[in-house]
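The chain contents come next:
Number of protein chains: 2
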Amino acid sequence: MKKVVIAGGGFAGLNAAKMMGKAPGKVEVTLIDRNNHHLFQPLLYQVAMAGLSPAEIAAPIRSLLSAFRNIRVIQANVTAVHLEKRQLQADCGNFDYDYLLLACGAQHTYFGNDDWEKYAPGLKSIEQATEIRRRVLEAFEKAEIESDPKAQKSLLTFVIVGAGPTGVELAGAIGEMSRFTLARDFRNIDPKRTRVILIEAGPRILPGFHESLSAKAARQLEKLGVQVWVSSRVTQVDLQGVELGEERLRASTVLWAAGVEASGLGKQMGVDVDPQGRILVESDLSLADYPKVFVAGDQARFEQEGKLLPGQAPVALQQGRCIARNILREIDGQQRQPFRYLDKGQMATIGRSRAVLESGRVRLSGFLAWLAWLVVHIYYLTGFKNRLFVVIQWAWAYLSFRRGARLIVDREWRIFKG
Amino acid sequence: MKKVVIAGGGFAGLNAAKMMGKAPGKVEVTLIDRNNHHLFQPLLYQVAMAGLSPAEIAAPIRSLLSAFRNIRVIQANVTAVHLEKRQLQADCGNFDYDYLLLACGAQHTYFGNDDWEKYAPGLKSIEQATEIRRRVLEAFEKAEIESDPKAQKSLLTFVIVGAGPTGVELAGAIGEMSRFTLARDFRNIDPKRTRVILIEAGPRILPGFHESLSAKAARQLEKLGVQVWVSSRVTQVDLQGVELGEERLRASTVLWAAGVEASGLGKQMGVDVDPQGRILVESDLSLADYPKVFVAGDQARFEQEGKLLPGQAPVALQQGRCIARNILREIDGQQRQPFRYLDKGQMATIGRSRAVLESGRVRLSGFLAWLAWLVVHIYYLTGFKNRLFVVIQWAWAYLSFRRGARLIVDREWRIFKG
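From first to last, the protein sequence lines are chains Y and U. Sequential numbering of the first sequence, starting at 9, is according to this note's numbering. Sequential numbering of the second sequence, starting at 9, is according to this note's numbering.
Hint data in this document are derived by calculation from the structure and do not stem from the laboratory. It is possible that some hints are incorrect.
Given that identical chains are not distinguished, each listed pair holds provided it fits within a single copy or across any two copies.
In silico DSBU-like pairs for lysine-lysine, Cα to Cα no more than 30 Å straight-line [unchecked claim]: (1) K352 with K132; (2) K150 with K132; (3) K26 with K200; (4) K126 with K275.
Next up, chain Y with everything else stripped away, as it sits in the complex:
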């Protein structure tokens, strides 16, 4: 019976655990995560944009794995890994392992300007998503009671920094929400006057997609009222808005979707990492000097045919499964197999009924791409209950132009007196 420890219950960790759960006689698995829930990250922007409730895209890791009696789930923070001692250290105690899978993911990076974070939150956790939701909805509420036109304009200006899929999805959703969902609810402001500005340092949005799709996505965003500023670099973020070199843009809401960096665990362990903190791995996703330690998902740096694999759910999922398979093969005395990413394509939504999709040589945009996006995301959403709910909520939002979760909830729990 080999002891397997998994750090992180994202797509990589969860799928590795599920595969090893089917081999109860061979492995004993401990999965450690700082949250009690697995998060369906590709839909997190929907929570930030009040389209879905947190519980619809998150499920307790414990109950997702409760059928597997050889798996235990621990909610704790991983603090260090001692490679020589084969021990993982968490704030609740130490865990010895025969095999270790590191899948701790990534978080936003502000390129050395950590103080920008409070002005421009990123979108990686449920907490951040509800904070973004609070900021966006509160900006409209404040604009409604603001009599100074200049201040109102700043309240109705939303800046999104970074035009990868997340940035594009946030910008499209804010553009659409202001034009359709909120338009009829306000009296003193015209939500249609909302400015949504998507800023990208590179020469085009969605740099991971084919150029023709970037152009189509930009046109679709513009139809929703989003202004796309490419080749523009943000040099300062503060309470008033953003600076782009000489220019200054007043905006009370700034969202950050510009860069990510892997969990700091790699540096702590003293292994080889790239500038983004991703751990360099072998062809089977193990460490060169410690073959019983694997790394997967956003925490790993893996190149295939000279191209770096992107930080996306399908990559993490396939890596997690490959590692689980290799561990089980090795226990059976078989050879490990190298990891090979099967690229099924990528997509990004733009508002309520448009998307861009790229799969091999197939490139789609508009409504058909959005339908494909919908089917794929519902299919992959973990757990039957969530899937059903999400379909209903979407159908409802689609038919009614409403948003289901327009709650402003206080950031800190606070008691109202008097």
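Dock chain U against chain Y, hints included.
Same frame as chain Y, now just chain U:
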């Protein structure tokens, strides 16, 4: 065109606004609330117990009233009322009124021991509900990794202070959740060993109900493993648990459902209030010296046939409507009518499929009462979409013994580094 200002978007304020919204030629309504959402309070305990998501029992006041063009909604804190100047003061500005409706509700009171609040949160807002959910779920998570049996016992002890409907509903839900929902998910603890203790200072639980129903409710709770301690007064609450005179009960989770006190606005205004801060009103719910100022819901003290009306949703709803009707009558030159509460009865649920119900001389308990409870609550739940969702979620929870919203979300928004 008369100016009507409504402070508070609960059952009283919302229903008064809806009624006046149908008379666009006569009144111009401003509704002010510190939250952007109307909250269906009777189901708030379901959010605290991870059965429902916040958005399922809360809807933006703005969108509930968007069809009425003579109503504007302002999110702001009401800070004072200047009766002589006929002006309501909020943190975003002042509002002049011809008629004023105060419906600011109530919050928990700790009988002079405000420091108990951080150890024993009450249940009045979405923030408090998600905080209680976090504490309860986290207690189980911590118990799973706790090796000291004494500390584990304390983590698995849940104390609920106060056995009105809310206390009974919380106790029943924790009892059931630990026995059924969580039982299969943990490895190192047996959630069935959870102790749930319901403490009541008076001689019986549910004092507002007939004695026979109190006794039945107590028996039903005991079947779910809840220990009912009546005639027990809590004398101290701290990090370790509670004290009842000489006795000491170690519990890491304590919830407060023991007493409420009206908004402090009454005292600020210098009008007559009772010891709980409720404003004394005339038979038409107006102030004796200021007949154009009305008070409704938990903020008003109203006696009918020598009995004080309880702080419940139906009372607030009927009062709000009565006040709106009287304002419209007066504008039409008609006489006001006194308020009369039509008591349709009261109920409380106990776990997943039991309840007690009292309506006139009809007294029901068990499954039938629970079915009636379900129908009534779904019927009254504001807005079609919420109703549909809640039915599906409940049906799912009922069939699967699962809970849909078992999320532990951080109290403060915090970025995880490394």
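How the hints compare with the structure:
| no. | hint | in the structure |
| --- | --- | --- |
| 1 | K352 with K132 | within (23 Å within a copy, 48 Å between copies) |
| 2 | K150 with K132 | both (26 Å within a copy, 24 Å between copies) |
| 3 | K26 with K200 | between (47 Å within a copy, 26 Å between copies) |
| 4 | K126 with K275 | within (25 Å within a copy, 38 Å between copies) |
When each numbered hint is compared with the structure, no violation occurs for any of them.
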